[in-house]
Amino acid sequence: MTGEILTPSQSFSRMRLLGALLIVILVAAACVSPRIDVSWASMTTLGDNQNIFIAFKDRVLQISPINGAGIPLLNSQGEERVDEQGNVRTWVVSNQQVEGAQFFSAPLLIEENTLLLPAYNERLYTVDLSTARVNNTNGEAIPGGVITNAAYVDNVYYLPLIHGGVVAMEYLGEDQFTEKWHFELDDGVWSAPLVADGVVYFGAIDHNLYALDAETGEELWRVDLEGGIGSTPRLYNDRLYVGSFSRKLFVISLNGEIVDEFSTDHWIWGTPAIAGNTAYIADLGGSVYALDISDDLNLIWRKDLGGRGIRANPLVYEDIVLVASRDGLVYWLDRNTGEEIFNRNLEVELLADPLLIEPSEEAGITDAMVVIATTDINRLLVAYQFDNGLKLWTHPR
Amino acid sequence: MWDLILNPLVTILTALYSLFNNDIVLSIVVLTIIIRLVTWPLTAQQQRSAKQMQELQPKLKKLQEKYKNDREKLAQAQMELYREHGVNPFGGCLPLLIQFPILIGLYQTILFALASTPFQLVDLSQRLLVPGLDGLIPINRFWFGMDLTLPPTANPQYALLLPLLVLVTSWLQSKLSLPTASNDDDGEPNQAQAMTRSMTTIMPLMFGFLSLSFSVGLSIYFIVSNLMTIFQYGIVGKGRLNGLLKRGNAAEGEVVPAPKGAKKSKAR
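As given, the protein sequences belong to chains H and U, one line each in that order. Per this note's numbering, residue 1 is the first one in the first sequence, and the count goes up by one each step. Per this note's numbering, residue 1 is the first one in the second sequence, and the count goes up by one each step.
Please keep in mind that the hints were generated in silico from the structure rather than gathered at the bench. Among the hints, erroneous ones may be present.
Here are the simulated SDA-like pairs of lysine to any residue, each with C-alpha atoms no more than 25 Å apart in a straight line [stated by the list, open to error]:
1. H/Lys248 with U/Gly135
2. H/Lys248 with U/Ser213
3. H/Lys57 with U/Ser213
4. H/Lys303 with U/Pro131
5. H/Lys303 with H/Arg344
Derived list of chain H stretches under chain U, where covered just means 3 residues or more per stretch with a C-beta under 8 Å from a C-beta of chain U [stated by the list, open to error]:
6. 172-183
7. 224-230
8. 233-247
These numbers were taken from a predicted model, which means no experiment stands behind them. Quick reminder that beta carbons are idealized off the backbone N, C-alpha and C, glycines included.
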């Protein structure tokens with residue numbers, strides 16, 4: 001076989017053709033959305049043993065706070081169940097049980113042995129707490145996907161919808177629900193509602209903070225906060241504290257009047273933490289602020305951590321303010337001065353709110369710990385001892 | 001590196017959205033036109049280079065015939081021909097390489113600006129270079145009853161017109177912009193021409209098909225971008241555009257009947 005001799009013009013034609021193909025390939029590659037994931041993980045603890053429940057993407061896991069291992073499933077004799085390969089079966093609800101479902105909302109206990117699991121695929125599932133089996137595999141239809149935690153009072157569950165407002169679902173028992181009301185919006189509600197004294201408060205991406213009658217869903221008031229709202233309002237001393245993408249923290253009275261505001265350098269997405277008379281907020285520019293709420297939101301200190309900013313809620317415990325940045329760094333700051341005490345680098349984007357687990361004799365937890373959820377499913381959880389930053393475990397190990 | 005292109009584009013698109021009374025489609029159209037105008041000299045250079053190469057094709061063909069058994073001499077003769085006519089055979093590549101990141105950036109800008117999930121909005125928060133634009137977020141994603149962030153299949157049925165328009169405009173655009181090749185002496189299409197024909201069929205079909213799964217906002221961008229290219233060829237290569245519209249398709253290198261009285265030249 002003889003090699004084909006290409007003249008410059010033939011080479012040129014072929015180069016152009018290859019160039020065109022390259023363009024097609026690059027365009028196809030670029031067609032992948034920069035970020036196809038929807039949202040970050042949500043966590044909660046349930047029961048006396050303070051087991052951690054985390055919802056992220058296609059799964060919900062139950063993890064031991066002691067060692068970060070999956071909670072084993074037990075058979076009727078109380079022995080650990082094993083799969084065909086002899087591995088211990090652990091507590092997990094995955095989209096193998098409910099096809100196509102994604103989970104970003106932490107489960108809620110609705111009966112002694114039943115969990116409520118809101119999903120992104122516009123369904124509510126109920127799960128047997130002992131077996132991790134989904135009771136209603138078809139799910140209860142709701143008018144939108146849920147991507148963050150729900151709130152509840154008695155048997156009514158207030159579900160924020162990614163597009164379409166808030167829906168209140170009443171649990172009737174035996175995996176049955178009924179829609180109590182649906183407050184429709186064009187835009188989404190991306191943070192858990194707050195329910196207090198018969199009023200549901202929530203911020204929406206449409207820039208408004210809403211107050212609704214919890215019983216009827218009737219709008220009591222709304223206030224425009226000049227930018228999207230991605231966090232749950234904090235209720236403290238009859239005032240609501242909420243940040244917005246307008247780069248401001250607002251203080252709002254319970255009848256919907258803006259009482260005070262404080263300007264930051266960047267969007268505020270996380271819920272402020274309040275301890276004593278100080279509010280702690282973090283912004284997406286990477287700054288942390290401590291504000292005196294007894295005195296016109298005067299700035300006590302400010303710490304600029306830079307990087308890609310802070311989405312998650314700051315966490316205040318004892319003398320520490322803990323913040324998790326998008327850069328993968330977890331900072332322990334002095335609550336009184338804002339000075340950095342130390343940090344831990346997880347080298348993966350951190351967006352979820354950190355989870356504090358306080359010491360508990362019943363759970364066998366002697367020291368307070370903080371659990372950080374990452375955006376990497378292969379290193380989903382990392383736990384540190386709160387006072388010294390000692391790494392306790394990672395999940396999966 | 002992408003941030004250097006993306007962040008200013010996202011900021012400009014958001015500013016246009018503010019300027020055009022929160023009409024994101026008009027903003028996408030205007031931004032696409034602005035970018036195509038800014039890159040006009042590059043596109044024009046690319047088109048000129050292609051046109052020059054096309055004009056040299058008969059002479060190149062003769063040289064190939066003449067030196068078909070001597071590759072080295074053929075290469076020398078061709079380089080001499082290029083030099084004589086002041087043509088750089090690779091002159092169209094550089095403008096294309098410069099334009100490409102900009103066009104991909106524009107494409108991604110639309111994806112970022114139409115952020116509709118928390119993950120996407122967190123990303124968007126880092127891309128707005130002017131603080132006063134925060135209040136415009138989220139950008140209204142609805143247009144004539146269509147959700148611009150969803151594909152046509154998840155929108156009202158009339159949204160399916162958009163992939164069709166993508167297909168038609170892509171076909172016209174690729175017909176004009178893909179390399180041309182002349183027939184062999186026996187009148188049969190040569191290999192390059194066959195490939196060109198395949199490309200002009202496959203690419204539009206592929207883009208039309210992909211548009212079924214792209215968001216509606218991106219389909220609008222593709223249509224405007226294609227129309228701009230067609231318009232540009234209309235300005236730079238008017239004859240070629242005319243040729244496209246004729247049955248005897250000169251743009252594809254088919255033999256165009258010589259005018260009456262013209263002498264036939266014999267191939268040597």
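- [ ] Against the earlier hints, flag every one the structure doesn't satisfy and list their numbers going up.
- [x] Of the numbered hints, 2 and 6 do not hold.
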